[in-house]
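Asker: Note that the protein sequences, when read in sequence, are chains Z and S.
What the first sequence shows, in the numbering used here, is residues 1 to 196, in sequence order.
What the second sequence shows, in the numbering used here, is residues 1001 to 1243, in sequence order.
Wrong hints could be hidden among the right ones.
[What the hints assert, rightly or not] Partial list, derived from the structure: chain Z residues whose beta carbon lies under 10 Å from chain S:
{"#": "1", "residue": "22"}
{"#": "2", "residue": "24"}
{"#": "3", "residue": "33"}
{"#": "4", "residue": "34"}
{"#": "5", "residue": "38"}
{"#": "6", "residue": "39"}
{"#": "7", "residue": "73"}
{"#": "8", "residue": "102"}
{"#": "9", "residue": "104"}
{"#": "10", "residue": "108"}
{"#": "11", "residue": "117"}
{"#": "12", "residue": "170"}
{"#": "13", "residue": "173"}
{"#": "14", "residue": "177"}
{"#": "15", "residue": "180"}
Because the hints were derived from the structure by calculation, they are not lab data.
Where a beta carbon is used, it is the ideal one built from N, C-alpha and C, also for glycine.
These are the residues of each chain, in order.
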Amino acid sequence: MSTADTPAKPKGKRMTATRLAIVANLLMLSAIGLGLGLIGPCMTIIPSAGEDLDVWVRLFEPDDLEPRTYSILGGIDTMRHSTERGSTLVAALLFGFSVIFPALKLGVMAWGTAALRLGVRPHAAVKLTSHLGKFSMLDVMVLGLLVLAIKGLPGDTELHLRWAIWAFAISILLSMAASIALHKVRPYRAEVMSDQ
Amino acid sequence: MNDRTDIPETTATGPPKPPKGKRAWAWLFGLLPVALVVGVIAGYLAWAPDDPTESTPGTPGGETIANPAPMTVQLGRDYYVFIKTIELYPRQPGDKTWDKLDGSAPDIRYSLTWNGHTGYTSDTRTDTLIGLWDPITLDVADALPMLGEGKLELRSTLNQGAIINATDDQTLTIDVWDEDPAGLGKDEAGQVVINVADLLQGDQTLTFEETDTNAIKRIVIGTTDTAQPLQSLIEALSSPNSP
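Could you put together the complete structure from these sequences and hints?
Answerer: Structure (structure tokens):
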């Protein structure tokens, strides 16, 4: 088909297609970041009871002072196995807001993006995305609380953040960027659809 | 997208309905990020290098750092030598029972002889085939007042072994016996002679066959450099007994 025969695409439609492609790429990158953030080393805890007491802790409970590295999933699993009261509930909450919720959010946004791109009316997907957006900072807050809790441990316990925490944070930022871009696309697409 | 078939069909009763195939594709695309998350996790578990300090699912608290490979003692240096574990065979040499009076397990005791002199004789572990000794003993009644004054000398608590100097041509002899009740003497369990130069730093497990003159099944020896810093010394000595 020659270019002369091809009808020119409306400007709004081209913009929409480009934006949707960007959103789709952001979502896929965010998913990769989320996977790495959940399973990679997230933090290393170097326990210490303080300079004066370390010698005694080493004497009687040497294992308590060994450095330990946790991933988000590993930490949740450790908490699930803990005998402390209420730890299963906290593990379930953490699992919900740091694993299920971000993955679900990405899935719904991808569904909405595909629906817009394919010309399917994305009522449910877009509505669900805007509902999920209200909770989009909860996963970040859970992470922050976790770090604060460990920073507040007594003694000279040190917490070293590892690369997975940055992968997780970048994943959340990318998903937020995708969400903003997706909501900007919606009016253009609605116009294009109404043209059809 | 510009084909005629892409345009939603208009129905008489409501808004145009999208083709079913497109809705299915939208759903499938929605599953893609979830599949990516699961795939990345599976790939990481399959190919990522092991981190010895990393907590793994099912092992609360994570694994501890692996111990370094054992090294032989350095000639000319002084070492604490401790026996942490002695396990005996169920019958004493000559296929005799241990305690003839009541048939109970032996009361294990040992001594360490270096350079022709017995440097240490242990406490007795009664009625057991496996005797465990801790290298460090602390009398709490003595320790607490000293702690209040802030001057507890930890080296004084290392009183469960012998101090030897590592030389090329000398041996360390471990005599093990069953201590019989007062006045009845002792039943030899066996004797182990080790070249001092062959001792390994850290814990070392030696196993032996049962013979007419030996009923020692296993000995765990701890060897620690006396010159190392106190904290390292405590770490070395407070490692649990080997299984």
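Asker: Does each hint hold? Answer for all of them.
Answerer: Comparing the hints with the structure gives:
no.	hint	in the structure
1	22	violated (15 Å)
2	24	holds (8 Å)
3	33	holds (9 Å)
4	34	holds (5 Å)
5	38	holds (6 Å)
6	39	holds (5 Å)
7	73	holds (7 Å)
8	102	holds (8 Å)
9	104	holds (8 Å)
10	108	holds (7 Å)
11	117	holds (8 Å)
12	170	violated (13 Å)
13	173	violated (15 Å)
14	177	violated (14 Å)
15	180	violated (17 Å)
Going through the hint list in order, the structure does not satisfy hints 1, 12, 13, 14, 15.
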